[in-house]
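**Q** Numbering of the sequence shown is given in numbering that gives the first Met the number 0, commencing with residue 0 and proceeding in unit increments.
Since the hints were made in silico from the structure, they are not lab data.
The reader is advised that the hints may include incorrect statements.
No farther apart than 20 Å at their CA atoms in a straight line, the calculated lysine to aspartate or glutamate pairs in the DMTMM-like style are these [stated by the list, open to error]:
id : residue 1 : residue 2
1  : 171       : 61
2  : 66        : 177
3  : 171       : 119
4  : 174       : 61
5  : 58        : 177
6  : 70        : 205
7  : 170       : 119
8  : 142       : 267
9  : 55        : 177
10 : 170       : 267
11 : 174       : 119
12 : 57        : 205
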Amino acid sequence: MNKRFFSPLAAAWVCWAIVGLSPVAGKYAVGVISPVLLVFLGTLIGVLYFTPWITKNKKWGELLTPKTCWKFLFIGTFGTALPFTISLIALHYTTPGNAAILQQSELFYSLLFAAIFLKEFPGKAQLAGSALIVLGVLIILVKEQYTPRWTGDLLIVGSTWMLQAGSTVAKKLPKHLDHRVIGMARNLFALPALIVILAAMYFMQENFTLVPNARMFSVLAYTGLLKYGLAMVVWYQAIRALDLSKVTAIYLSYPVLSLLISAALGLETPTLYQGVGLAVTFAGAYWISMTVKKEGH
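Full structure from sequences and hints, please.
**A** Structural data, given as structure tokens:
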């Protein structure tokens with residue numbers, strides 16, 4: 000996947016399409032594979048996805064240099080291992096539609112971290128679009144208060160800061176690093192944290208679920224090849240060329256796709272609140288997208 004295939008804005012929308020499938024795949028993982036085990040095996044596939052390019056282009060030195068190792072470890076831990084595991088746990092309680100919509104709470108941290116650490120300050124149009132996205136999130140969250148879904152909803156809202164923390168550190172990496180090196184690092188350096196979690200669960204005698212059937216292998220293939228492979232390539236291509244908070248706002252409109260697929264597969268029945276929340280959040284993301292186009296990206 001070379002940069003010439005996608006403009007930064009197009010890369011953000013390709014990521015949107017792949018990630019839109021994530022809550023649905025996560026829901027299908029329930030009962031056939033444990034969350035942390037899915038993330039662990041998915042990252043191993045992600046490592047294999049990037050290995051041919053890394054080896055062919057002799058990038059192992061850049062990947063393992065002490066100068067960036069600690070940043071890579073932070074990105075792998077907070078950008079992959081922890082938030083992806085928590086989101087899969089949340090799907091044991093809530094629906095794919097709710098999960099997708101509430102992931103947009105990430106925008107709070109996107110704006111905050113970008114302003115504090117990256118000096119990327121939002122303009123008036125971006126703030127207006129962002130306000131619409133936040134409003135859509137609140138509509139869903141308030142509706143589910145004290146229902147069985149609320150546990151999963153709160154897990155998602157409480158963990159999205161990790162993704163933005165990882166992305167913020169990624170923006171501080173040396174500019175010469177190819178986005179495929181960063182994608183590889185996010186998989187490879189997620190493994191230490193995942194191994195620690197798996198070891199802790201083993202010693203605590205927690206039960207692991209692994210049912211080797213077509214459903215499980217399909218979820219695993221999506222996770223490793225698309226979500227942890229291709230999506231990471233286009234995501235880092237986008238955020239290294241555009242303001243982080245703008246890219247986040249664009250791709251966080253993916254709940255439109257998630258809810259449509261989830262409903263079509265019979266995983267949930269869309270509600271009025273979800274419809275209103277989706278309309279508001281998508282309008283906000285579209286507004287942000289227009290500001291990016293006007294800047295010539």
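**Q** Flag every earlier hint the structure violates by its number, smallest first.
**A** 6, 10, 12
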